[in-house]
Amino acid sequence: MNKTLSLSTCGLALVMSVALIGMPGCSKKSVQSGGDSQSTQDMSKGGAAGSKSGVGNFPDTGVQSEGGGLRGLDKNPSEERVGSGTMLAKVDPSGSAGRQMDEMRAEQAASAAAGLRDVFFGYDSWTISEDGRQALTRNADWMKSNPSTLVKVEGHCDERGTSAYNLVLGEKRAKAVRNYLVELGVGANRLSVVSYGKERPSCNEHEESCYQQNRRGHLAVKTKK
Amino acid sequence: MTPLKLVSICFGGVLLLAGIVGILESGAADVFLEATRPDFQKISLGVVGIQNGGGPDWLGGRIEEVLKKDVKRSLVFDLVDLPSLGIQTSDIGNGTGTGSKVLLRQAGEKGVSVLVWGKAGMKGTDKDADVNMEGFVYDSGSDELVGGKRYVGSHSVVRLMAHRFADELVFRYTGEPGIARTKIAYVAEQGTARELFVMDYDGYDTRQLTADGFLNLMPQWSPDRRFLIFTAYRNRNTQDIDMIELATGKRWTVISLGGLNITPALSPDGNFLAFASSHEGNSELYRLDTRTKALQRLTVNPSGDLSPSWSPNGRELVFVSDRGGGPQLFLMGSDGSNVRRLTFEGDYNAAPAWSPRGNWIAYVCRTHKEYKLCVISPDGQKRMQLTTGPGVDDSPSWSPDGRHLVFSSTSDGKSQIYMIDADGKGVERLTFQGTHNSAPSWSPAS
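Chains as they are written, first to last, in our numbering: chain A, 1 to 225; chain B, 1001 to 1446.
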């Protein structure tokens, strides 16, 4: 008796699960048909926006061949040559890398010589703290007394969270710093912003003291325009 | 084996019911994923062996090892250990001899559906001579020698021969091209720089693609596998979007609008590029028609919008926005219409990747202060956490067959790259060199 009961429960559950598995397919279909009419519209909208400068050339990247070169099994297989694939490019690391490293070191030296201070942020935050405002006031004074210098404001993040979202967060931090410097009277045209997200940490330990050091706005004196 | 599966289906159904009445929601999600997986009934496959037919001692063994791992990872086959079934493996030539026929039938009687074997050797005595490999397939259901393959190539493509043969097996039994010849692009730290690399899907045959000494981030493949598109800090003050051709190393800038230009994603047909750009203020999503170069702004919002990922039919995008405070996933038509929020659980959901089968979106979810992998169905009804434990998981990317994900994680300390089955099982670490490997992107199937 017990057995019959469990069997019928099982049967019901199976019916339910089959019904539910069918559902996502249905709901997706309705979304698709909605998308269909929209995508016809948007072509004209995109065209109206017109092409912009700052856009380079795109090759045709659509898939040309199907099947992936597989020929199937054969009772009397003929010989197939296996090539090394398409990754043929050899990298020459001697080129611009060294030159750019030199440039970066020069920037770091110039920033250190100027005594510019970093601004630190709270977790997930781009609000400038009281300490941060004090540091920026000193930085602004230095910039006013060195009016020919150009400064790049770098926004950095700790290692937590995703790479992509931290790039956006780093940019918010850099812009908050830039905006405050402008408020203090530094010409906006002397300031550029760049976000490094969590890609250029100043320390690598998985602990709060290191996270705090990495959540920073850093001012780099530009040595080259 | 079969009765066991029936029980699990039945059990799954019961769990589902429980989920509906709100008792065991996470269990229900788990069962959904398993039951909708195409590999629900794996085909049992035994590898009799790849014999050495001359050449270096390691040759046959190497190919056999690579082949077995490919078969296992395919999730199409259930790799059976023949000796444990009492089947002694030996050289069975082309499988037509009397002894070999006995062996094959014996394996069939023990429930092995497909048997595979082969031979590898050198074409000539020179140490640079080509390697050749033969592989054969027997199907016990039809008691038939299905056929085989013969490959020839240099020493450097020995692993590729095994991969190719594995893909032929998957193709034979599913009609899909297999994933054994796919690649994974990723970013590796070199000093203060981040450079692009490409490796085979199993972590072997690593190649460096860029060496400019700056940041090269978040590569994505073009649909035809010939190019990568990525964010480049090449001129140090702006972040452009570049493309690189794998075959030639030729590299050029495709987006240089000013500001932060990140998270590029080409549509499945290659006709559109979706990306995030802050050139008009804060980070917004844009869509570029790659043929007419018409640029369309998709989002208008004072918050950050980023990380677009295309639905497989190219009609929708899933993306990240912090318009509600923390980052959450949103869906919209690929023209920016019909925006709606997808994730509501937790205060940090980011880095979405739409599966090639369309039924799941993988993303990074924050739970208990850790950043882990989750999947959610595009209708928001089903959700499951795939990874647990400490560390930051990031950048999930689907295998073209939708059965695996590759992602980065700091779970072993430094950021490294891992593969995981789409149901959260079978984690495999792929990178062991270097101080920081991140942003993996799985290539389309060839």
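Treat the hints loosely; a few may be bogus.
Unchecked claim - Okay, derived cross-link-like pairs now, BS3-like style, lysine-lysine, Cα gap no bigger than 27 Å in a straight line:
no., chain 1, residue 1, chain 2, residue 2
1, B, Lys1042, A, Lys75
2, B, Lys1425, A, Lys75
3, B, Lys1069, A, Lys75
4, B, Lys1068, B, Lys1425
5, A, Lys75, B, Lys1414
6, A, Lys75, B, Lys1101
7, B, Lys1110, B, Lys1069
8, A, Lys75, B, Lys1110
9, B, Lys1110, B, Lys1072
10, B, Lys1110, B, Lys1068
11, B, Lys1068, B, Lys1101
12, B, Lys1069, B, Lys1414
13, A, Lys75, B, Lys1068
Don't read these hints as lab results, they were simulated from the structure. Computed from a predicted model, the values in this text were never measured in an experiment.
Open item on the list: Need the status of pair B:Lys1110, B:Lys1068: alpha-carbon distance at most 27 Å?
Closed with: Holds, because 19 Å separates the two Cα atoms, which is no more than 27 Å.
TODO: Measure nothing beyond the straight line between the CA atoms of B:Lys1068 and B:Lys1425; if it is 27 Å or shorter, mark the hint as holding.
DONE: 18 Å, holds
Task: Straight-line alpha-carbon gap B:Lys1110 to B:Lys1072, limit 27 Å - done: With a Cα-Cα distance of about 19 Å, the restraint between B:Lys1110 and B:Lys1072 holds, given a limit of 27 Å.
- [ ] For the pair supplied as a hint, B:Lys1042 and A:Lys75, confirm whether the alpha-carbon distance does not exceed 27 Å.
- [x] 25 Å, holds
Open item on the list: Just to be careful, I want the Cα atoms of A:Lys75 and B:Lys1414 compared with a cutoff of 27 Å; is the pair within it?
Closed with: Since the Cα atoms of A:Lys75 and B:Lys1414 sit roughly 49 Å apart, the hinted pair is violated (cutoff 27 Å).
- [ ] Measure nothing beyond the straight line between the CA atoms of B:Lys1425 and A:Lys75; if it is 27 Å or shorter, mark the hint as holding.
- [x] Roughly 37 Å between the alpha carbons, so the hint for B:Lys1425 and A:Lys75 is violated.
Task: 27 Å Cα cutoff - pair B:Lys1110, B:Lys1069 - done: 22 Å, holds
Task: Given hint B:Lys1414 paired with B:Lys1069 - CA-CA distance at most 27 Å - done: 26 Å, holds
Task: Agreement of B:Lys1068 and B:Lys1101 with the hint, judged by alpha carbon distance not exceeding 27 Å - done: 22 Å, holds
TODO: Would you check the hint for A:Lys75 and B:Lys1101, treating anything up to 27 Å between C-alpha atoms as holding?
DONE: 16 Å, holds
Open item on the list: Hinted pair, alpha-carbon criterion (27 Å max): A:Lys75, B:Lys1068. Please report holds or violated.
Closed with: OK: A:Lys75 and B:Lys1068 at ~22 Å, within 27 Å.
- [ ] Take the C-alpha atoms of B:Lys1069 and A:Lys75, compute the straight-line distance between them, and say whether it is at most 27 Å.
- [x] 25 Å, holds
Hint compliance for this structure: hints 2 and 5 are broken, all remaining hints hold.
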